[in-house]
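Top line first, the protein sequences correspond to chains H and U. If you use the working numbering, the first sequence closes out at 333, no skipped numbers anywhere. If you use the working numbering, the second sequence closes out at 333, no skipped numbers anywhere.
No lab work stands behind these hints, which were simulated from the structure alone. Some hints could be false.
Unchecked claim - Which residues of chain H face chain U? A few of them, derived with a C-beta cut under 8 Å, are:
#1 84
#2 132
#3 149
#4 155
#5 163
#6 168
#7 171
#8 180
#9 244
#10 257
#11 259
#12 286
#13 295
#14 327
As the list claims (entries may be wrong) - Residues from chain U that keep clear of chain H, each with C-beta distances beyond 10 Å, as calculated:
#15 2
#16 54
#17 61
#18 103
#19 205
#20 211
#21 215
#22 217
#23 236
As the list claims (entries may be wrong) - Label pairs and their computed distance ranges (CB to CB):
#24 H:324 to U:289: 30 to 36 Å
#25 H:58 to U:78: 49 to 55 Å
#26 U:237 to H:325: 48 to 54 Å
No residue lacks a Cβ here, since even glycine has one placed at the ideal position from N, Cα and C.
There are 2 protein chains.
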Amino acid sequence: MRAVIGVDVGGTTSVAGLVASDGAVLAEASAPTHHRGPGTAVETLVELIESVRGRAREEKLELLGIGLGVPAVVDPSGGRIGGEALHVPELAGRALGPWLAERFGLPTFVDNDVNALALAEWTFGAGHGVRSLVVLALGTGLGAGIVLDGQLVRGAEGFGGELGHSPVKFDGRPCWCGGRGCLAVYASGRGIAEAARARVAGRAGEALLTAAGGDPARITAPLVFRAAAHGDPTATGIVEEACLALGAMIGIVVNGLNPELLLITGGVAGALAPLEGRVLRAAEGFAFSRALARTRIRLVPGDKRLTARGGAALVLYETARAERAGCAASPGG
Amino acid sequence: MRAVIGVDVGGTTSVAGLVASDGAVLAEASAPTHHRGPGTAVETLVELIESVRGRAREEKLELLGIGLGVPAVVDPSGGRIGGEALHVPELAGRALGPWLAERFGLPTFVDNDVNALALAEWTFGAGHGVRSLVVLALGTGLGAGIVLDGQLVRGAEGFGGELGHSPVKFDGRPCWCGGRGCLAVYASGRGIAEAARARVAGRAGEALLTAAGGDPARITAPLVFRAAAHGDPTATGIVEEACLALGAMIGIVVNGLNPELLLITGGVAGALAPLEGRVLRAAEGFAFSRALARTRIRLVPGDKRLTARGGAALVLYETARAERAGCAASPGG
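My request is simple: use the sequences and hints to build the entire structure.
As structure tokens, then:
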């Protein structure tokens with residue numbers, strides 16, 4: 001039987017999985033990314049990969065390759081990891097793929113973690129069988145992955161899918177990325193927490209501030225969602241704005257790309273799930289109704305089982321792509 | 001020699017061209033789309049195609065097919081023309097391709113006119129040789145066409161590329177499409193003229209109103225650009241907003257899709273060309289700098305010679321796609 005090794009590199013925790021070609025996770029290993037101290041992420045990854053490779057050997061599985069999803073932009077030509085908003089700073093500028101390929105003697109592919117997640121959803125998950133899907137991952141940050149007509153959209157420099165830092169309000173609030181009015185400002189965990197902190201700062205008696213023990217720095221997105229559910233007007237305003245901004249991005253995706261499936265996932269998506277009706281009504285205010293009718297929209301909490309499967313899906317995607325390229329280049333093609 | 005027939009169907013004028021496979025226009029015919037009266041667009045198209053087909057016969061050219069660009073959304077599976085913002089109402093709901101294919105005994109393809117323009121730029125124009133490009137066509141309305149990794153983005157229902165009606169401000173002004181804060185509201189000819197009319201209505205002494213002979217309905221986008229060039233503050237505000245909104249859309253395209261080339265064309269783009277620096281500075285406020293460095297941005301007036309070549313490029317694109325599909329399906333593939 002054939003299998004692949006999929007790795008999800010996180011700012012906090014990393015996971016490696018031994019994944020069958022049907023997506024079944026046969027073995028898994030995880031560890032804090034820096035469990036041997038700062039700057040040791042690559043050591044951790046090597047350990048995790050070795051661990052699941054050992055399992056593959058025991059089971060006598062043929063390994064097709066290794067795929068890694070990293071929380072960064074990855075240059076599609078050289079595989080170099082970009083430094084933008086990178087939580088694993090020692091990876092910046094590294095071409096991890098070729099190095100691991102040599103280390104393990106296996107084809108190795110590296111891509112952005114949400115790109116890998118989109119491939120996993122497309123290969124094993126909710127997007128199985130569609131030609132095109134967009135995944136928006138609303139966590140602390142906000143990433144996206146785009147598959148159109150069976151191809152992952154990487155872009156010239158690997159920024160394809162950076163919809164979290166695409167503007168939904170050209171005169172909106174400044175974003176930590178240096179931009180303005182980005183979706184992440186309104187609909188990511190960090191953006192929601194920062195908006196709440198700014199609104200309650202110095203305003204004693206605000207329920208959000210009381211709930212955070214008087215310290216604005218302790219306000220988190222889950223706290224904002226809880227306060228909104230209890231009717232706090234400040235929190236409600238922030239959640240309403242998140243729904244509207246997300247509705248606008250749904251409008252951009254539905255009108256601009258019109259995929260068969262738009263999957264909105266991650267922790268913040270889980271918190272928004274009870275407000276799905278509100279988000280969809282906001283989207284109706286932006287998208288053409290016939291376009292919206294053909295893009296299925298699902299708002300779901302993240303499926304933790306997909307983390308290691310992202311890298312695995314990347315290997316299967318690249319293997320299939322190489323086979324197609326061989327076909328097109330063949331004399332009979 | 002092989003050639004194709006390309007047709008550009010306009011709300012006012014339609015053009016058919018006999019186009020060689022290298023893009024050379026060998027013959028051209030044009031007519032007002034409704035020159036035989038309301039509801040006669042299809043008759044006109046048949047006449048125009050017959051005219052250039054006659055020329056192909058004289059020259060003993062082998063015809064590969066007919067391609068039409070229409071100012072509408074086209075369903076990619078059935079080829080049915082959508083009714084959204086359609087200036088040639090009798091085409092709504094028609095599957096023009098199969099009908100013309102039968103009428104002329106030639107493979108016939110129909111797509112959105114800016115999709116066809118994007119294919120023309122990619123096949124014969126500024127985008128020749130790139131893997132991915134986005135064309136924004138800023139005219140009276142605002143359309144776009146997207147080619148990613150060599151594939152035209154049509155979307156599930158044909159709305160792929162409707163970036164003109166994608167929001168750049170989630171709490172922005174209502175758009176005639178039913179949406180809100182669309183790019184077209186700020187950066188199309190219609191949007192610019194409507195913004196100016198709203199701002200000067202009832203305000204005697206406004207330079208824009210005087211220039212329009214006191215009648216707000218006579219204010220046009222070119223008039224707004226001229227008044228801004230002469231320092232009129234109302235017109236300048238509207239043009240500044242157009243630059244900012246366009247900069248935000250450049251940010252969405254560069255961060256979200258990161259194509260090799262972004263071509264901004266059409267009449268309004270021509271008027272904005274002297275303000276290119278302003279538009280690019282606005283874009284820098286939204287896009288990641290490394291992403292922006294790899295997407296070449298060109299702001300150019302439309303190339304009228306490309307109109308008929310759009311349909312021609314569509315035929316060449318579809319022919320190549322069918323050949324690739326044959327390869328993938330072959331036993332050796």
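Hint by hint, here is what the structure shows:
Annotation: residue 84 of chain H was flagged as interfacial toward chain U, and the flag holds, the nearest CB pair being 6 Å apart, inside 8 Å. Interface restraint check for residue 132 of chain H: the shortest CB-CB distance to chain U comes to about 7 Å, inside 8 Å, so the restraint holds. Using the Cβ-Cβ criterion of 8 Å, the hint placing residue 149 of chain H at the interface with chain U is satisfied: the shortest such distance is roughly 5 Å. Residue-level restraint check for residue 155 of chain H holds (minimum Cβ-Cβ distance to chain U is 2 Å; threshold 8 Å).
Among the interface hints, the one on residue 163 of chain H holds; its C-beta lies about 5 Å from the nearest C-beta in chain U, closer than the 8 Å criterion. Of the supplied interface hints, the one on residue 168 of chain H holds, with its beta-carbon coming within about 5 Å of a beta-carbon of chain U, less than 8 Å. Given hint, residue 171 of chain H at the interface with chain U, holds; its Cβ is 7 Å from that chain's nearest Cβ, closer than 8 Å. Taking 8 Å as the C-beta contact cut-off toward chain U, the hint placing residue 180 of chain H at the interface holds, the least distance being around 6 Å.
With its C-beta approaching chain U no nearer than about 5 Å, residue 244 of chain H sits inside the 8 Å limit, and its interface hint holds. A cut of 8 Å between beta carbons decides the hint on residue 257 of chain H: the least distance to chain U is about 6 Å, and the hint holds. At its closest, the beta carbon of residue 259 of chain H sits 7 Å from a beta carbon of chain U; the interface hint therefore holds under the 8 Å criterion. Taking 8 Å as the C-beta cut-off, the interface hint given for residue 286 of chain H holds, the closest approach to chain U being about 5 Å.
Annotation: interface hint on residue 295 of chain H holds; nearest CB of chain U at approximately 6 Å, less than 8 Å. Because the beta carbon of residue 327 of chain H sits about 4 Å from the nearest beta carbon in chain U, less than 8 Å, this interface hint is met. Separation of residue 2 of chain U from chain H is adequate, the least Cβ-Cβ distance of about 20 Å exceeding the 10 Å criterion. Consistency note on residue 54 of chain U: stated as away from chain H, and its beta-carbon is indeed over 10 Å from all of that chain's, at 36 Å minimum.
The Cβ of residue 61 of chain U sits about 27 Å from the closest Cβ of chain H, beyond the 10 Å cut-off, so the non-interface label holds. No Cβ of chain H comes within 10 Å of the Cβ of residue 103 of chain U; the nearest lies about 28 Å off, and the non-interface call holds. Every CB of chain H lies more than 10 Å from the CB of residue 205 of chain U, the least distance being 28 Å, so the non-interface label holds. Under the 10 Å C-beta cut-off, the non-interface status given to residue 211 of chain U relative to chain H holds; the minimum distance is some 28 Å.
Consistency note on residue 215 of chain U: stated as away from chain H, and its beta-carbon is indeed over 10 Å from all of that chain's, at 31 Å minimum. For residue 217 of chain U, the non-interface assignment is confirmed: its Cβ lies about 28 Å from the closest Cβ of chain H, beyond the 10 Å cut-off. Non-interface call for residue 236 of chain U relative to chain H: holds, since the shortest CB-CB distance, roughly 16 Å, exceeds 10 Å. Against the hinted window of 30 to 36 Å, the Cβ-Cβ separation of residue 324 of chain H and residue 289 of chain U comes to about 34 Å, which satisfies the hint.
Range check, residue 58 of chain H to residue 78 of chain U: Cβ separation about 53 Å, and the 49 to 55 Å hint holds. Checked against the hint of 48 to 54 Å, the C-beta distance between residue 237 of chain U and residue 325 of chain H comes to roughly 51 Å, which is consistent with it.
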